[in-house]
Amino acid sequence: MSREPRDGRERLEGLLSWAPLGIAVLDSELRFVELNDRLVAMQLVATTGQLREAYLGRRAHEVLRPSPAAEQFIRCARQVLDTGQSVEHEVLAFESPARPEARNIYCISFHPVRRDGATTELYAFVEDVTERRQLQEQQRELLASERAARARAEAAAQALGESEARYRAILAALDEGIVVQGRQGDIITANASAERILGLTLDQLTGRTSMDPRWRAIHEDGSPFAGDEHPAMVALRTGEPVRSVPMGVHRPDGTLIWLSINAQPLRHPGEQEPAMAVASFFDVSEFKRVLQSIYLSEQRFRSLVEATTQMVWTTDADGGVGPESRSWVAYTGQDPKKATSPLGWLEAVHPDDRLQTLEQWRRAVARREPLRMESRVRRHDGEYRQFLVRAVPVFAPDGSLREWIGAHTDISEARRAESERVRLLREAEEAVRVRDEFLTVAAHELRTPLTSLRLQLQLLLRQLALGSPELAAQLASRSAALERQVGRLAGLIYTLLDVSRLTAGRLTLEPREVDLGLLVEQISQAFRDEFQRLGITITVRDAGQPLVGLWDPLRVEQVVGNLLSNAVRYGAGKPVEVRLGREGDMAMVTVKDQGIGISQDDLSRIFGKFERAVSERHYGGLGLGLYITRQIVDAMNGSIQVESSPGQGATFTVRLPLSRATG
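Quick note on numbering: the numbering used here labels position 587 of the sequence shown as 587, and the sequence is numbered without any gaps.
In case anyone wonders, no lab produced these hints; they're calculated from the structure.
It is possible that some hints are incorrect.
As the list claims (entries may be wrong) - Using C-beta positions, here's what the derived DEER-type ranges look like: (1) Ala330 to Glu374: 19 to 25 Å; (2) Pro269 to Gly227: 28 to 34 Å; (3) Ala144 to Phe287: 55 to 61 Å.
Glycine included, every Cβ here is placed at the ideal spot set by N, Cα and C.
Please put together the full structure from these sequences, using the hints given.
Have a look at this one:
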């Protein structure tokens with residue numbers, strides 16, 4: 001072996017031994033080719049206490065202590081082998097085997113070794129920076145502590161200034177007047193509210209004492225308020241606080257104001273005697289005025305109670321009898337002591353009403369609910385009278401129950417009047433029942449001869465036509481008029497019968513499947529001669545689709561007939577339109593005229609019994625057609641409505657269900 005390689009090897013061995021860093025050479029498979037003793041001594045290898053030769057030829061994951069730091073070491077090494085680029089100053093923290101909670105910090109740089117243009121090995125230089133990092137951390141902590149201490153000092157100084165500013169701002173913002181008085185009672189300072197309330201400036205207040213006669217202070221009874229008895233002077237003399245002392249003082253303009261004053265002594269540290277006193281006060285002049293108003297209002301209330309014809313009384317929150325009620329004593333004749341004793345008032349209540357009265361009263365008190373009941377109370381002459389008893393709880397502003405106020409109202413005459421009204425109502429209902437029975441009987445009795453009369457008339461006309469056609473032609477118009485009058489009389493009789501049935505609740509329906517369009521067309525044809533005679537045109541607009549439902553055809557005919565009769569009667573001889581349609585599951589029939597119309601005030605009542613929107617002298621009728629129409633429509637689960645205005649005609653719309661049976 002030549003001397004030159006041996007010298008290079010020795011130099012490398014010397015470099016590895018004396019270098020201040022941990023050094024390792026790793027091949028392309030991350031086997032340790034070389035490493036120095038300093039690296040072995042570091043805490044990043046898995047086992048310590050072995051010679052460095054023991055690690056040669058072993059892979060990195062076998063040598064390094066298993067940890068996230070070891071995994072990062074291997075990733076950086078592979079990156080250098082793959083890219084041929086160095087990775088410098090990678091800081092990794094390995095756990096200390098002696099103290100798992102401690103960390104050893106290493107700064108590692110990886111550099112490639114190239115042969116023939118390829119990276120075959122790499123150098124790893126490891127520097128233990130644990131102490132340096134600890135020193136840096138300590139420096140940061142010291143700097144942070146210094147900054148925190150400086151910030152606290154600055155905050156304390158700022159807080160002191162802000163506290164002073166807040167103190168002054170609070171004094172300035174308070175509605176309550178604040179005055180600070182020295183040991184001799186002289187005013188040292190005062191806030192803006194004190195200046196406003198007292199009508200004096202701070203310069204005028206400063207130095208003034210409680211003894212100053214310009215205060216012209218008085219007690220509530222009007223007697224002078226001595227200066228040495230002012231609350232601040234008492235607090236300075238006794239060392240004790242003084243609370244809520246009323247005092248009247250005169251302002252410079254001569255007005256009298258009333259104050260409620262508190263005084264608190266202040267002592268210097270270590271001293272027993274007060275050095276100052278702080279007096280705070282409110283202007284209670286308005287409060288005293290309100291109290292006076294309440295007192296006068298209460299007096300007026302008591303006077304009203306005494307003057308009223310009702311018996312007015314009060315109890316405490318638990319229902320205990322309150323002050324004597326003169327009206328109760330005067331009415332019942334009870335002894336005042338008896339009336340205000342526990343349950344003594346109950347002796348004036350009718351014996352049959354006592355238990356119920358007491359139970360209802362106790363229930364109202366327990367629930368704190370208003371009371372309303374009736375009870376009989378004995379008058380001083382021994383007669384029992386019927387009273388309406390009402391009582392309400394009176395609550396304080398804090399929600400607590402303060403008292404009860406009640407009143408007895410004599411309703412004996414009202415009850416007698418009510419009994420008379422009930423008697424008269426029953427008599428009227430009986431009279432209506434008798435009338436309806438008479439109408440039913442009369443209608444039945446009239447219908448039989450009327451039917452016979454119509455048949456005889458028709459038979460006479462046929463015989464006349466056979467025997468004397470010329471005479472029959474001459475009597476045709478008269479016989480037609482006679483037929484119309486007979487038909488009208490029959491209609492009136494049927495109307496009376498329907499009213500009787502509706503009143504008795506005996507309206508019956510015979511529903512069956514009906515084609516509404518076909519039925520309406522037949523009804524219109526029946527009315528067409530009457531319309532032509534009066535010179536009125538009638539138009540029927542079909543729905544364009546079948547409208548089939550389960551209805552009573554005779555009742556539907558009656559409904560549509562009533563609406564067409566109204567159109568003839570009130571249509572002013574103008575055209576009438578009948579329109580069929582469908583709206584969801586409902587069939588619609590609309591009858592529209594162009595006549596006199598109906599006012600808004602009358603729209604809501606025209607469906608009532610015997611109601612009409614015009615004078616019967618001009619238009620006739622019983623006022624029952626629309627009433628019967630609505631009852632029939634309702635019975636078939638339908639509805640009817642009207643739209644109209646004076647002079648613009650009227651439009652009646654009937655809706656009947658298509659999908660379910662009625663009856």
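That 19 to 25 Å hint for Ala330 and Glu374 (C-beta), does it hold up? Distance hint for Ala330, Glu374 holds at roughly 21 Å.
Status of the given 28 to 34 Å range, CB of Gly227 versus CB of Pro269: Between Pro269 and Gly227, where Cβ atoms are some 30 Å apart, the hint holds.
Tell me if the beta carbons of Ala144 and Phe287 are separated by a distance inside 55 to 61 Å. Roughly 58 Å apart at Cβ, these two residues keep to the hinted range, so it holds.
In this structure, none of the earlier numbered hints is contradicted; all agree with it.
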